[in-house]
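Chemist: If you're matching them up, the sequences are chains A and B in order. Just so you know, we're using this note's numbering here: the first sequence kicks off at 3 and counts up by one. Just so you know, we're using this note's numbering here: the second sequence kicks off at 3 and counts up by one.
Keep in mind the hints are simulated off the structure, nothing from the lab. A virtual CB, placed ideally from N, CA and C, is assigned to each residue, including glycine. Among these hints, one or two may not hold up.
[To be verified] With beta-carbon atoms standing in for the labels, derived distance ranges: (1) E268/A / K217/B: 24 to 32 angstroms; (2) S46/B / K286/A: 57 to 65 angstroms; (3) Q244/A / I272/B: 17 to 25 angstroms.
[Unchecked claim] Pulled from the structure, derived: some chain B residues nowhere near chain A, Cβ distances all over 12 angstroms: (4) D199; (5) S233; (6) F234; (7) V258; (8) S301; (9) K324.
There are 2 protein chains.
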Amino acid sequence: MESVFSDEQKVELLADLVKFKSVNDGEEQVANYISQLFKKHNISTQVMPVAKNRVNLIAEVGSGKPVIGISGHMDVVDPGDLSRWDTDPFVLTEKEGKLFGRGATDMKSGLAAFIIALIDIKEFNLLKSGTIRLMATVGEEIGEQGSQTFFEQNTMDDVDALVIGEPSGYNLVYAHKGSMDIKLTSQGKAAHSSMPDLGYNAIDPLLNILSAANKQFGSTGKKSQLLGNLSFNTTVFNGGNQVNSIPEEAVAEINVRTIPEFNNHEVTKIMQELVDDENKKGAKVDMDVYMSLNSVQHSKDNKLINSAKSIGEKYFKNDIPKMVSPGVTDASNLLKNKDVEFPFIVFGPGEPNVCHQPNEYVEKQMYLDFIDIYKQLLTEY
Amino acid sequence: MESVFSDEQKVELLADLVKFKSVNDGEEQVANYISQLFKKHNISTQVMPVAKNRVNLIAEVGSGKPVIGISGHMDVVDPGDLSRWDTDPFVLTEKEGKLFGRGATDMKSGLAAFIIALIDIKEFNLLKSGTIRLMATVGEEIGEQGSQTFFEQNTMDDVDALVIGEPSGYNLVYAHKGSMDIKLTSQGKAAHSSMPDLGYNAIDPLLNILSAANKQFGSTGKKSQLLGNLSFNTTVFNGGNQVNSIPEEAVAEINVRTIPEFNNHEVTKIMQELVDDENKKGAKVDMDVYMSLNSVQHSKDNKLINSAKSIGEKYFKNDIPKMVSPGVTDASNLLKNKDVEFPFIVFGPGEPNVCHQPNEYVEKQMYLDFIDIYKQLLTEY
């Protein structure tokens, strides 16, 4: 398919994005790079501050209805222990047809494919009607603040369909669980362990709340045919500092994966009741639901998903199954208030199992194919 | 009462002991100092290695039966935050009749009083019959290893009565609870919180064990008329390190205060059953009872306690009540295998409420009085 970019230039563009160390911060540099590139090709862009050094970006091609939204995040997760990497995580390195680097899969390749597809669509005037709106977000990996900001700014209100370019590989994702992060902080009173009555054990109320929650969430019988059970996990627990002192503070963090049948609101309500019960007995426990992303479950039979399937199968010469994914995406925020028939897919280059790992990579050919797939999908829809 | 030492020299001797930073280590220096002093006064001493730089000390005056044991520890607790001290904790400082320093109360003043009493008894030939055996221990504040070593070396076998010089102030202590420190280590398997089934939550088994233990120990109905209830406290809990990961390790530490009606052996048995129940369900929890000191409860009516009471009341011109203390002492080890009629008291200079605190102090007069009280008590018994 004709392109403004050679294959080498397509890889260079991805390498440029990988160079930015946008580890849950500094997405402004990525957005500025994209803005300047789009400006050269007369694509209108807008950057919107979310926090210091952190901006969302919108770019549009075409005009009027329908509006197809495409979205990717500009942040990456920390590379972690560098000794576990064979190459510099921020220098895209090609080896045996694979492109290695932090974000090569999750998801600077998806973002780069969107950018190139948009430029080609603009330059070759491929869009016959409607609008393609790119929404590039900050902070997807931690808290999904960028997509929350887009929701609050009504950026999705006139959008008729959404493609998120997160790595799906040779699959089409149309649903995922929600996710909540909850922090419980318990204040007690220190005392020597020989005189416990002079203190108040801050750990005990959390033991009571968390073991009761485990029982309650494990036995509701509520289940999603598609997404399975809700899962509730205490993932962090820290209290006390010496065996001989009654602990005066304890903190627990919890991650909950929610389903439409047992949603975030219900979880919050149950947890608040358990906390209130302890506080009535004299505890001082504070609950902070500091992240709450809804589950996403949309129709698996519509024009968007079916056309992505047939285009994808043509390129990859293989069945592209429609499936659910374990992880959350910006869709939790972007699709708030959209009904179950709203066309939505996660479809992007890269294998999910290399995300967040050392030696993260994307197959070069898959990346190049997705550019063409996007061009076809976005202009045909 | 006549003495080899002037009051100033008595204070100097205590200052010399305080100078040694024997913070749960290095008791060898203290023991060497005492040995050299006793040598000058022809008192036979013996030092017995317990660990590197840590030695117990035995010194004897007199011969034959009865044998009265006197015991004090040579270690002190950490001074903690130095900014909370008005003086250098390792330089004994006199202000308004009080002697400030780490160990001034707990319990270098008790130890110094024993040493001076022994020297005077020797030099003035005050002992008409029997033996006084000083047993100075290491590591009383953490684990009581020194007294355990004395027990294992049969040092207490021929002893007929025991005085421990821990700070009792104007009270006589004849009983205290036991104390156990238990560590639970739970091994799980890490996984991303979106795929919890690929992992095993290491925190959950500890939640189950500890909340069940709280219920079980809180509802036994077993109570000591004298010592009150057993207390069970989870004092430290650490598991997991990020909200998005199923935790692969969790560690809890527990302190239990035991009573004769519900002893250390029964506690261990119950805890092991709770751990075994979780392990049968797939958990990998290891239990380590790393400290186990028995409760001590002896007769409150015998020649030792009564004569300490009448001598003390003569000096302090006040009632000296017989009571129980919240904390444990080396008696937990030294009195193993002794029956309830064995004469035992804790009686020593210093107020228990300043132990382990910044600006720990002993009243100078109380320290000087206890030297004379010991001389009288040990020679009269």
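Chemist: Does each hint hold? Answer for all of them.
Modeler: Hint by hint, here is what the structure shows:
Our hint of 24 to 32 angstroms for E268/A and K217/B holds, since their Cβ atoms are close to 28 angstroms apart. In this structure, S46/B and K286/A meet the distance hint of 57 to 65 angstroms, their C-beta atoms being roughly 59 angstroms apart. For Q244/A and I272/B, the Cβ-Cβ distance of about 24 angstroms falls inside the hinted range of 17 to 25 angstroms, so the restraint holds. Once the 12 angstroms rule is applied to beta carbons, D199/B is inconsistent with being away from chain A; the minimum gap is 8 angstroms.
Interface exclusion of S233/B from chain A breaks down, the closest Cβ pair being 5 angstroms apart, not more than 12 angstroms. The beta carbon of F234/B is not kept farther than 12 angstroms from every beta carbon of chain A, the shortest such distance being approximately 9 angstroms. Once the 12 angstroms rule is applied to beta carbons, V258/B is inconsistent with being away from chain A; the minimum gap is 9 angstroms. The beta carbon of S301/B sits about 23 angstroms from the closest Cβ of chain A, which is more than 12 angstroms, so the claim that it is off the interface holds.
With a cut of 12 angstroms on Cβ distances, K324/B stays outside the contact zone with chain A, its closest approach being about 19 angstroms.
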